[in-house]
Amino acid sequence: MTRPASLLIVDDNEANRDALSRRLRQRGYEAVTAADGVDAITMLGHTAFDLVLLDVEMPGLSGFDVLAQIRAGYSRTQLPVIMVTARTAGDDVVEALKMGANDYVTKPIDFEVALARIETHLGHKRAVENLRDSEERYALAVSGANDGLWDWNLVSGQVYWSPRWRSILGLEAAELSADPVEWFGRVHPADAGRVHAAVKAHLATGAGHFESEHRIRHRDDTYRWVLCRGAAVRNEAGVATRFAGSLTDITEVKLADALTGLPNRFLFLDVVEREIARVERKPGYGFAILALTLDRFRVIHASLGAAAADRLLVAMATRLQAGLRATDVLVTRDEPGVTLARLGGDEFYMLIDDIIDVSEAVAVAERLRRALEAPFEIDGQHLFASARIGIAVSTSGYLK
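Numbered according to my numbering, the sequence shown spans residues 1 to 400.
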């Protein structure tokens, strides 16, 4: 239940303040009275009020003096002040408004007029507070969200990018303009046509919600997989005037094998493409790809079932990772690059970068072959697995 508004009535005339406070209480307000300016300042120091009715002419601190102290601590919206004056000279009213008064009423007070002005200023105060609360909730939601938010004003052409949107791409605020090209210009060339077409179709028809999975360039020039969702806001004519939504980084989900957690086909092929580009830029640079396929995997799958076969693949991935951490290549490189991926089924691929000689790749393959010689314990059974390993070297073609 909403609490009644609290009003402070400041008047040195006891009959005036008592009569006004009584009638306001009858209308559902909490009305507190102060006999002079000093009393009013004291009460404002320890009690929160929603509005002040302030007499202009008082002994000691005048209404103007009290108003000046109120405005030193509260804005017009935070604490509205309605001046109560018997003066007919317009200069006093103008001065009060210049000093920060919200309104005024004249004596003798027309209660219904005073009540209407009180309700008007309290209504404005509540509206501003509700807006501020809404903005603060939105700001908290934006700062706490894992998704990046964007809001495109299609009329002005300006786009708001939330801090999380920028961080997904490794960007600072100063590195981003409000131009939509900040999004579209970073989309992977292979995905750009599809994304543009989907956005255009949604803005034209407005059917459902916009949703797109695509790659977008990070600040370090790698590409992240993102899920972009949004919806258009339309005017009465049905024309889209605003397009807003979210951006979610799905790289780990998109590029990780669900069973083993290793890089999947998407990520591995991306790594290979980067290695090929590096070879073209750097003469003498080489890399090798090892393709490992488990022998008799179909027999294991058929005899022990899919669940046991999956557990074997997980154990195999763990064994291969452990073997790669101790290869000759690893101990002879300061910062080696070995990528182990599962492309599907029993197919495991490894990319070894910056090799000097094919013998390094052969040594890794032999190390992995030996790592698989020990039996795997699956569901209480010891399974012996062997694998075929093929080697492709960037400098000398394919060896087997």
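Keep in mind that the hints are not guaranteed to be accurate.
No more than 30 Å apart at the CA atoms, straight line, and that leaves these computed lysine-lysine pairs for DSS-like [claimed, not checked]: (1) LYS125 to LYS98; (2) LYS125 to LYS200; (3) LYS107 to LYS125.
None of these hints come from the bench; they were simulated from the model.
### Message
So if I understand the rule, the pair passes when the alpha-carbon distance is 30 Å or less; does LYS107 with LYS125 pass?
### Response
25 Å, holds
### Query
For the pair supplied as a hint, LYS125 and LYS98, is the alpha-carbon distance within the 30 Å limit?
19 Å, holds
### Query
Keeping to a limit of 30 Å between CA atoms, is the pair of LYS125 and LYS200 held or broken?
42 Å, violated
Checked against the numbered hints given earlier, this structure breaks only hint 2.
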